[in-house]
Amino acid sequence: MAETTPVLTSKDFTSNQDVRWCPGCGDYSILANVQRVMPDLGLPRENFVFVSGIGCSSRFPYYMNTYGMHTIHGRAPAFATGIKAARPELSVWVVTGDGDGLSIGGNHLLHTIRRNVDLQILLFNNRVYGLTKGQYSPTSRIGMKTKSTPDGAIDHPIDPIAFALGAGATFVARTIDVHAPHLQEVLRRAHEHKGTAFIEILQNCPVYNDDEWIEVEDRKSRIEAALDLEDGQPLVWGAEDQRRGIRIENGIPSIVHLGVGEDPVNKGIAIHHERHESPAYAFALASLQRPDFPLPIGVFRAVEKSTYESLLEQQVESAIARRGRGDLAALLNSGDTWTVSD
Amino acid sequence: MQRPTVGKPTEQIERVAIRFCGDSGDGIQLTGTKFTESTALAGNDLSTLPDFPAEIRAPAGTLAGVSGFQIHFSATDVRTPADHPDVLVAFNPAALRANIEDVRPGGTVIINGDAFNKKALQRAGYEPDDDPLELLRDRFQVVEIPVTSLNREAIKDLSIGAREGDRSKNFFALGLMYWLYNRPIEPTLRWLEARFRGEVLEANIRVLKAGYAFGETTELFPRSYVIPRAKIQPGTYRNITGNTALAWGIVAASVQMERPVFLGAYPITPASDVLHEVARFRHFGVKTFQAEDEIAAISASIGASFAGHLAITTTSGPGMVLKQEALGLAVMTELPLVVVDIQRSGPSTGMPTKIEQGDLLLAMFGRNSESPVPVLAASTPGDCFYTILEAFRLAVRYMTPVVVLSDSYLANSAEPWLIPNLDSLVRAPVRYRTDPKDFQPYVRNGETLARPWAIPGTPGLEHRIGGLSKQENTGNVSYDPINNARMIALREEKVARIAAELPPVEVTGDDRGDLLVVGWGGTHGAIASAVASARADGLSVSAIHLRHLNPFPPNLGEVLSAFDQVLVPELNAGQLAMLLRSRFLVDAHSLSKIQGQPFKVQEIRTRIDELLQAQEA
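Protein chains in written order, with the numbering used here: chain R, 334 to 675; chain G, 81 to 697.
Isolated chain G (complex conformation):
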């Protein structure tokens, strides 16, 4: 698919990171997504970071309305969207201003020259007589392209209006970037053809091709770049975001467990896309329910679980708070349920489109009294698929609600994903209790301590469940103090027993050494990159990344104790560090970041160096 450019020389490079940025109405996310698809098809490994404002349309041209999309792609392994983009494509002064300080020194800055007029500069907060580009020329390679005029030129004989015509200028830039990095243009053409008709289709195609042709002919770019295919595991790949993987995991659970899924949800950023995606799959027998609020969403899901469906509810932090009382009921009634919290920046409404891992302790301890739930966390976009499958399997096997933590970085980021062969996925057909002989609703399985799943409609198994304390075995309401203590202990033990079937945590690097970096969730890429760079420099550093946060993997304490120091980077104030400290009495150092942004690799690397230097000293 790599097309050698006619006429101009090509240069082979190993990796590059590009950030597209502009107004939230400029189609930045679409541009980034299309570039990502072509890059995936070009066979590079990649990682993306969409970063957009919560406002749907902030005032045009202002800093508040700037939307960005960063993609890092390479001929080798890519784990993060990159700390600093090598190339910035800025559609207006506000986008330039908001993003320029992130660009690697000496990097390329491509701007739409037509958008740099006095008014736009002022709106972006520059002085009217400023020439921001002049100041940048010493630090970056600034390439000024009259994108708006070139776009108009390309479609001037079409009858579509100027306003509509101008909307395709992002495709001019996209076409240009396709040429510059030798990406295939066909997938985007196919997408356009499927989506548009008539002159709008014609305009978009022309503009995309015009951008590509502009690259071939302009003297602004003396050469284009080739990034060879990455050597990755053989197989068939697709591009996937965390939210899509999560939605498909929900559908896959229904197929692998042979029961219909019920998803109750209330719209909330960044979880709504999961509801949207799952709602498309009615032909899988999936039922989605957009509830009147977060409480109704989880309540209806628990009802569906009682009735025998694979039930799930998806939300983000503020919704997770509202669900806690019902989640406590699911703990008490011991019904299978999956609760997904796609964490976002807080507290309160916080920065709804930004990134954080602030809900771990909420998931663990957010309910009244002793109310243990298993907690799993996905670590990459594609991993969301497998995490959901595991969560459903555990929920049914142990008759318990299970919390899955994702975050807005995983939700919206894309990566190439090795499409699993269905045979490789665990099949776990659900079997309900049907035998009325000696049936009691709270008699437990000797191994898992799960109570039976006996669903309405089954003759002879009529029983009542609820939030009041229940007598062991019979499930009758009971105020017996000893019985209450015993039931609490049994539920605690049931969750703890899951650890026995968990795989031991895998250490990246040596099994013992100076420093162990412990992570969980969407920080996986940044931590792995930082640890890899430290090891390449000969430092005694290893890493583990936890998927199972409750219960912890059985060998975690042993692994922790084999290192002199432990570092826990988290996008919160140190929540996993607190759990590890209390559980293992380990002097874990916390590296905390709560800025709504993911870790930069360098931030983790710096902390690793500091700790090791301190140890030496």
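One chain only, chain R, in its complex shape:
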């Protein structure tokens, strides 16, 4: 009698469309890893919806054999909010980029995160506009020379993690396009999280901004350049004989050198804790930038807060419980009426 749910594989999540990103683009790896994670999430394929805006990353939904919507520039979070508010049982994923999400779509990203709509937002950060052929983006480094900034960019960049924290994000993580196990783990965590899960994925654009993240991608250099965040573990990185840690005092991080075998706790090094009620600690982590500090990789923050769509559902349910199902005839005849007879 009981029907067994067919076991899905990553192939089931692969659409029949040819993928058309440039050779070597980090998006290939992200796509493959998302397709690999999907079967593990315990939902039927028809319950997934991928929503994107405009940009290289936003072609993503066409390659997923799920429901999908390729929308307009910057607005994907708003479309996704409508989908999730209408149908909370769906698993809704937003795919955006640094230009789409933080420039034209900054407003929607801010408000979607603030409302804590239960979405997974994947922001592919390659620090450049790819689809329009190489202009600087809101995350590009100051001084970056591009076609639109021949003398160097003079905008101060925004950090996606700090942006999300500022908007009150309940789940914030950073991962890397080519680090499959970590990327997959973060995707799973994001899916489990109730509320907006914001993931910055450091992504390489081999054409317009090659090797932007090479320091943290490369197995060797990342030892010095990356700080791997693990809940309950001290903020420590570096080679065995050159270990350093992060101390945070009054919200200001500083670097502490550790001798071989020295206990980080005794040296006042912070223990990573994802569930601080206040975002201040996560902000301090977000301020760690190259080249002065290692770049933190992992989950910055994971806290519980009521989600937009669940509160909306509750309002509907409690209104029905309180007033009964709406009766149209009663509504039309409510208040003062009068009858005209023949």
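Hints are computed from structural coordinates only; laboratory data are not their basis. Because the structure is a prediction, the values reported are computed rather than measured. All C-beta atoms, glycine included, are put in the ideal place defined by N, C-alpha and C. Heads up, some of the hints might be wrong.
[Unchecked claim] Per label pair, the in silico range of CB-to-CB distance:
1) R:GLU646 <-> G:THR429: 28 to 38 Å
2) G:ALA580 <-> R:ALA663: 31 to 41 Å
3) R:GLU650 <-> G:THR90: 47 to 57 Å
4) R:ALA663 <-> G:THR588: 29 to 39 Å
5) G:THR429 <-> R:GLN648: 30 to 40 Å
6) G:ARG277 <-> R:ALA663: 22 to 32 Å
7) G:ASP590 <-> R:GLU646: 54 to 64 Å
Since chain R is already given, all that's left is putting chain G on it; use the hints.
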């Protein structure tokens, strides 16, 4: 409900138009609304015109802060708020100054004498030594009543402060007008009792009754007036404004189509009241979403539509502009959506609380490339209800966004509305595509050319939609030039096919003749009145009023060609006239008014006479 007044004679009259005016803090809109409710219950036909400033509280006593509310009621058919009020009730000099030139010569002007002091006169822009009333006595019947003092007298033994006490003076005037026109006082008493408690309630009741009693006893009014019930279609009526009708239409669509509604909106005058009203109906399963901006409002609605809800977004002109890119996506993805533009005076921010019909071409052509949408326009406040129902039905049947045009006149004006029997409303339960056999997202229905509505959560129908050009049937991204042209043509044809199911446009008057007056939207009452008066004078004039602006009704070209001349009155620079000219090669004359005010009947009548005289000559 008509109460014959004891002691004083009554005179029966057929119709009267009253304008209440004062500071925007004087409670003018409330006074007008309450008078309207009582008038509706007295069985008269009526039409109202609220006219208020955009500023929430402009400096007191200045011309900028004057708020007005006009009501025209009658024992016979009423179509407009009337060109000229017969009675002006002015609470202060600024209100008098701003409104006096509209009053019918010989009409009655009732003023609050206590408010006509030197300072107030100056604030209204009069010279300190002016006596504006003196100059008016030759032209009008001026009745000066010390409303503020009489109001204070009525509540002097209550402990509420002078400032709060003075706020009820509008109810004194209301009570007086109830007596003067033999309106029932009970509905307002009931409303007060439901709203206030304690001394505030007591004060308001006392003042309302004091105003009524003042009418009975004062020598200023030798008689009161009786306006017999209007002979209108039998049935149960209520009073309704366009925005309320629109909101209820949204709820009704959900009931009649058996699917939940999602309304995404961003606050904007004069559309916000629709959001407020719909937000009260969570128990109908309605979801409202106050978005971060106009773009998010329509985007979330499109998302909800993809997910299977009846989706709608409501706005006004400046918001309509912002929504256009997303509306283009809804055209491209062929999802059902209703977009309501409650037009207001522009361009840009313009005069946000004033009236215009300036967004027709924006609705038609406001998007990049070829992006056709059906466009409907409501013509009376009550018609907003039916227009929304039709818009949802068309949106789902043809899988297309539909634009509904209302305007700030319809939005805020009230009229008696025959409450529809639910059986008389079209039932159109939504059926999604569920069968995975041979499913393709862009295979079209042979009759309507609609693609299937296949919603997430349905096994086997997983598909992707988006703004990129799509291959016919499969919906895969396609850069094939011929395919792109074909998909554009199909979407155009899909919208055009709606015409086949539209009723032929009805001509008021003869089917052929010298002049046809063509209107759309909230100008219906003024045009109908002007044409009726011309016909009563024996002129060969007929009228049509278009609800369907895209596509046009199937017989429109034929109707137009049966008249020697065509006149198109519009509260814009001639937008429908332009469409008619290009579509039917008809030499349509435009009568244009862009002053933030509705047409006066006389303005249309004058143009009718001019055209007919020119034709004769």
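Hint says 54 to 64 Å; check whether the CB-CB distance for ASP590 of chain G and GLU646 of chain R agrees.
-> 57 Å, holds
CB of ALA580 of chain G to CB of ALA663 of chain R, is that within 31 to 41 Å?
-> Because 37 Å falls inside the window, the suggested range holds.
Take the C-beta atom of ARG277 of chain G and the C-beta atom of ALA663 of chain R, compute their distance, and say whether it sits inside 22 to 32 Å.
-> 27 Å, holds
Given the hint of 30 to 40 Å, check if THR429 of chain G and GLN648 of chain R actually sit that far apart at their C-beta atoms.
-> Once the Cβ atoms are compared, 33 Å apart, the range 30 to 40 Å for GLN648 of chain R and THR429 of chain G holds.
Does 28 to 38 Å hold as the CB distance between GLU646 of chain R and THR429 of chain G, or does it fail?
-> The hint (28 to 38 Å, Cβ to Cβ) holds, given that GLU646 of chain R and THR429 of chain G are roughly 37 Å apart.
ALA663 of chain R paired with THR588 of chain G, Cβ distance criterion 29 to 39 Å = 35 Å, holds
Outcome for the supplied range 47 to 57 Å, where the beta carbon pair is GLU650 of chain R and THR90 of chain G = 55 Å, holds
No hint from the list above goes unmet by this structure.
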